[in-house]
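I would like the entire structure built from these sequences, with the hints used as guidance.
Protein chains: 4
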Amino acid sequence: MEHAKTVELRGHLIDQGVFARVMDDVLEYSGAYTIDRFDVGRHHTDESYVQLTVSAETPEQVERIIMRLQTHGANPLDPGIAVLKPAPRDGVFPEDFYSTTNFDTQIRLNGNWMDVENSEMDCGIIVTEDRSSAKTLPVSDVKEGELVVCGGEGVKVLPLPEPERKSPESSNFEFMSGGVSSERPQALQVRQIAERMREVKARGEKILWVGGPAIVHTGAGKALEALINEGYADVVFAGNALAAHDIESNLFGTSLGVDLDKGHGVPHGHEHHIRAINKIRTCGSIAEAVEQGVLKGGIMHALVKNKKDFVLVGSVRDDGPLPDVYTDVIEGQRAMRAALPGVGFAIMVATMLHSIATGNILPAKVPLVSVDINPATVTKLADRGSAQAIGVITDIGLFCEQLAGELVVGYKRD
Amino acid sequence: MEHAKTVELRGHLIDQGVFARVMDDVLEYSGAYTIDRFDVGRHHTDESYVQLTVSAETPEQVERIIMRLQTHGANPLDPGIAVLKPAPRDGVFPEDFYSTTNFDTQIRLNGNWMDVENSEMDCGIIVTEDRSSAKTLPVSDVKEGELVVCGGEGVKVLPLPEPERKSPESSNFEFMSGGVSSERPQALQVRQIAERMREVKARGEKILWVGGPAIVHTGAGKALEALINEGYADVVFAGNALAAHDIESNLFGTSLGVDLDKGHGVPHGHEHHIRAINKIRTCGSIAEAVEQGVLKGGIMHALVKNKKDFVLVGSVRDDGPLPDVYTDVIEGQRAMRAALPGVGFAIMVATMLHSIATGNILPAKVPLVSVDINPATVTKLADRGSAQAIGVITDIGLFCEQLAGELVVGYKRD
Amino acid sequence: MEHAKTVELRGHLIDQGVFARVMDDVLEYSGAYTIDRFDVGRHHTDESYVQLTVSAETPEQVERIIMRLQTHGANPLDPGIAVLKPAPRDGVFPEDFYSTTNFDTQIRLNGNWMDVENSEMDCGIIVTEDRSSAKTLPVSDVKEGELVVCGGEGVKVLPLPEPERKSPESSNFEFMSGGVSSERPQALQVRQIAERMREVKARGEKILWVGGPAIVHTGAGKALEALINEGYADVVFAGNALAAHDIESNLFGTSLGVDLDKGHGVPHGHEHHIRAINKIRTCGSIAEAVEQGVLKGGIMHALVKNKKDFVLVGSVRDDGPLPDVYTDVIEGQRAMRAALPGVGFAIMVATMLHSIATGNILPAKVPLVSVDINPATVTKLADRGSAQAIGVITDIGLFCEQLAGELVVGYKRD
Amino acid sequence: MEHAKTVELRGHLIDQGVFARVMDDVLEYSGAYTIDRFDVGRHHTDESYVQLTVSAETPEQVERIIMRLQTHGANPLDPGIAVLKPAPRDGVFPEDFYSTTNFDTQIRLNGNWMDVENSEMDCGIIVTEDRSSAKTLPVSDVKEGELVVCGGEGVKVLPLPEPERKSPESSNFEFMSGGVSSERPQALQVRQIAERMREVKARGEKILWVGGPAIVHTGAGKALEALINEGYADVVFAGNALAAHDIESNLFGTSLGVDLDKGHGVPHGHEHHIRAINKIRTCGSIAEAVEQGVLKGGIMHALVKNKKDFVLVGSVRDDGPLPDVYTDVIEGQRAMRAALPGVGFAIMVATMLHSIATGNILPAKVPLVSVDINPATVTKLADRGSAQAIGVITDIGLFCEQLAGELVVGYKRD
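Chains as they are written, first to last, in numbering that gives the first Met the number 0: chain X, 0 to 413; chain D, 0 to 413; chain P, 0 to 413; chain S, 0 to 413.
I should point out that these hints are in silico values taken from the structure, not numbers from a laboratory.
There's no promise every hint is true.
Any copy, or any two copies together, can satisfy a pair, since identical chains are not distinguished.
What the hints assert, rightly or not - Cut-off 25 Å, straight-line C-alpha distance, at most; resulting in silico cross-link-like pairs (PhoX-like, lysine-lysine): (1) Lys278 x Lys142; (2) Lys134 x Lys278; (3) Lys306 x Lys278; (4) Lys278 x Lys84; (5) Lys411 x Lys304; (6) Lys200 x Lys134.
Written out as structure tokens, the structure reads:
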């Protein structure tokens, strides 16, 4: 262990488990540590301060450990200067490019720290030729010759602002982060999510919904429509299926062959689905279908009428698809990124694919709630490192119904 | 295939799939058939009539096939006379005893058919010494020397009355039987179940609830309490856990360490659980705890106050248990059987163990709804041959909340 | 019910449940029927013959019912002549286009029936200008002016050849179609699937694998690699994730941060993932990475080395992606269709997205097995109308391990 | 916060997260703390030492917090003397009885600490009249007048011995404790469990199996039989169902109507089940059925032949039951407790009910593995505070097959 570097960190290091994770990671990465200084906070409102020296076999290993510890808010006493290398080809990063987290990040090119725009994980950091600004960029978008930050020198990851200290009086919302389970007081959870949405709206931030077609199959389309009309959905990310089933159920009163008002199958269900898509293709787009009076209700209609953004990105299993759907997934990701500014809260309902896609591009600081009857979806999202992810395992149909009941005055299914 | 016997059956044999199952079963049991006569109904309201001869290698095989076909309503042209043999020992049936289904059954001792009391599956049929009456009996309850029907001769299984013919105008309730899925219009399902409960109550029949502790964990205890007070639960079957968590949450405001009003953990959760049980043991029983003013709210309190029946049967995982719990499961089953008369509808919520136990003793003619977030529970119940089983895969907390909203005027969680 | 039409059907109509479904569908579609003739087969090897007249309120309704009944093999006594209309625009069908099933289909333009090429569901049927041939086409691929079959006149759907008659001696494979359950004799199922694969290979047909990244996460990559080398995978459909995790685990020995040989996490897991993708982007393609000696093992390496086809189609959640990935999903679908000829068996493992995508384009006559630990995936595939779908709910890792053990002589994990 | 008490703790307090949990719990219990002293270990092999003063509104609250912190190994500087009160009635503890954890515990009656026999959670601690020994006792077994420890004074909970320090070289087994997931390298997990079983056997400790009927349904009975014969199962806890289905499949070749060798249904499945039970009731017991040559193979046969202990405890859903089944669940629990001494490893397969029952009575120091295809079972067990619980979500049939392949030389299914 001949190579070493000293880092410092400050904060609620013990009761938040931060320092335990730091020590854990050093060993996980085959390093060693010496605690040089530990000033413990005497009471639970006091911060602690730690200085520790990390050592490993090679300088590269030390550097990787440091990069890792940065995600916990540990920063080198001597931060160094960012190394820049040109991208060797369009769509290719230099081999040792710095791979981003979804936390706010800064780089240091000379004496000063500069913010990196657009926190997004698994990207590179691109610096303008005049070195006046830096931003994250996915590998597919880099151009040959653009300057890419390489190695971990001169990069600082800013930890999330601490959640309010835990106390019997503090917000009850946090508890949901303690793992996921279907055995929770669900009516209470709905109310807490409603409360959070009201706060977000009051702050003037946008609410992003990411949804799957089960919203329509479970009869929750009317609830979501009401929430859109009431202003509780500013941006919607979805696939072809949500929009197509929503439109099908409004053109034909069915979704995948289930008559939503009566609950039983109707003639030639699948056929309705592809006919609905063909109809909108005839109109030209969903907005034109609304304008032409073809589409008169439902989720998509409400989005068009309320001039809300939606981004529909296609998938390999799509029929049609609808004319509004991005069939190129990389273009779809770009459109999703473009719709993120201003989003202060994300709710993801009944879609693993689009939830993970959104989790990939969402900054860690945006709180998100994932709602699904399938625990795997909810767990997977949390595993992707979305620090603010909260999972609710419940029934989509009843969840949306009750959320609308909480947020929309006079909401009552007919 | 030297041995043969002819059976006849009448009804909506094709569109209900009955005849397909008959033919299927003959082959499944290694037999063969010849269709002697087939009078097909010309329109969908007409009945059909079939006579077919079943053959197999041995007379025993023929007899087993006939026994099987009886469950579809096929009866031998020549029904025969029931064979009676004495039980060789307490708790033991003769080797070739007739094993019952949960359909209504008749036996023929001389010229006339006699009803068998208490349809219950996997039992024997016991005939009184004077041969004046017959009833089902589980093997554990038979006494040495009691007369037991053996073989399938002289036994007739009555098929369920046909559900209303399928038509666009008929009740929508049926559709749920078409498999189980979480992707259903759930709010609609709740309303249909509520409607069915109103009908059952209007007919003066009892509603049986079978429930697991998740009712309490998901915060649905208040909804169930309201439903009991409103008369929508006449009998409750459960285990120690439902009652203990309900009582715990009412004595201490917690269930398994979750503060139900705030949603977060409270001091020493598990301890509360066993303390609640000890408290009721100190009082002597749940009813005495209510009388002594110790227990002032919750599901069990509502049952006591409204003088409703409840049967709590223990399981090997129980703490305590509460003094009202049957620790002997066979005695528990007897108590459950004793509470069944008058039950016209059964709803099973969040418990695989007690749901299957109830499914075992419930006559096939009692409609039952199984509600669980876990598809396996719902599917398993259907697989046990409960012909009237309807499965709803949804969230327990929200389900009970909405059911109370439908059935209890002015119901609103505080 | 003033409008009517007579259809006939022949086959094992009762024991296969075909006729029950026919009657069911007529009522479901708000029609009525009269059975004009019913010649029942006397023994279970005899076919039956039915003639029935379907009536409904409008001629359109009658036509829709007939279209529906065709999927059961019922054909009009008077089949009519197919109506052709030109596509009004690129990517748009005429409003009343005939929407295909995935069964073999024929159309009748004048006196003779002509095969429709490429059975695929939810498509239109396009006829060449000289009316010499017809093929299915997805709506996105139709060009303005192309002739599209409209309405159900002159269209005949050929039912699947009947499976071998059910008998105690017949193949055991069928049983799996009887619903899905994790409670099956799994080791036996694996052996039956292996047996089926040997038969397919012996017939010179191709085996299609559709796989998700869990194959790599569960350590099953080596088993699949061995199966590819042994010739049990001719075509692979997957997404960016399977390929990227496979390549990552071969370049870095990890998959999503799990060290596959030791089973515990390694430094900066996610980073490895995006670095692996960047590495292949640097090489230009997976094949070039193999050629340059960069990629030396794993699933993708085995596919390249054995010159097997693979189609990777992107999704909105992709990182990178790998240079071989179709980022346009419609182009990806086209590439998948192009790889289907010759496929005689499809096995879908651990991917709902690509399984459904494949189910959408696969003719109904190709048998498919869906393997997943999540019952929802398996059920959903069956619900999409894939008539030959067989579901196995089991663990992917152990499944592939045992399949390789059955099919690859001397297979033993090191 | 006028009442206070000082505790000390020593060990790897930070990297194991112990101290974070201590601080967390103080706040959770509405207390406050002051860190009086904190000597941090400089390297990861050094222990730390903390002294902190806990304060709360009332002395009772302080006491409860202290009781809670004891589970983390924190002990009061001044431990106090245990308070003893007589049980007020048979089966009832004094109101403020000390409720046990499943950790090793000591009490102090005068100057010295005395071990409490039989660590088991949710029990009371009973002291002999001469105060020479102490043991845990479930509430149902206490007799009026027996001395019961009340309050937390004079009680010390001993933390588990620390697992080996985490390092790249250490045992890989631990990793599984990091949450449960079906996306793990499963073949590897099986091998690690096999390795652990060999170690346990080599130490002369017993292996406890807790199993559900799915072992038989999934065709894993033969694998378990082989493991019993090879000495890898010393004690089996199960219910009526496992034994009955095992016996049914050996008497009739079926389990719940599934022919296990062919995989398809056989005549009158359910009937076989109850006939098998009646047969054993005729014999008198399972052992007598083996002796009389009636039962010639299977799990239960292997247990009898190898003179291994088994405890079958009934449940309310049982048919029959078999004569060996404890129908009284409290007696069943006693029989299970009596079979625990010497058990050094527990494996729980496909049974939530018996797994939790066993988890309730098992000391925390016995490592346990829970195997189920249903994540809920595995998660629930971990939630019950079983500190050594490891969850494997996989297919039971393939799991047992591969485990037998690892442990039984020449094991090969015929």
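Status of the hints after comparison with the structure:
1. Lys278 x Lys142: between (40 Å within a copy, 16 Å between copies)
2. Lys134 x Lys278: Between copies only: 22 Å across chains, 42 Å inside a chain, cut-off 25 Å.
3. Lys306 x Lys278: Classified as within: same-chain Cα gap 22 Å, cross-chain 43 Å, threshold 25 Å.
4. Lys278 x Lys84: between (51 Å within a copy, 16 Å between copies)
5. Lys411 x Lys304: within (21 Å within a copy, 33 Å between copies)
6. Lys200 x Lys134: neither (28 Å within a copy, 53 Å between copies)
The structure is inconsistent with hint 6 alone, although it conforms to all the rest.
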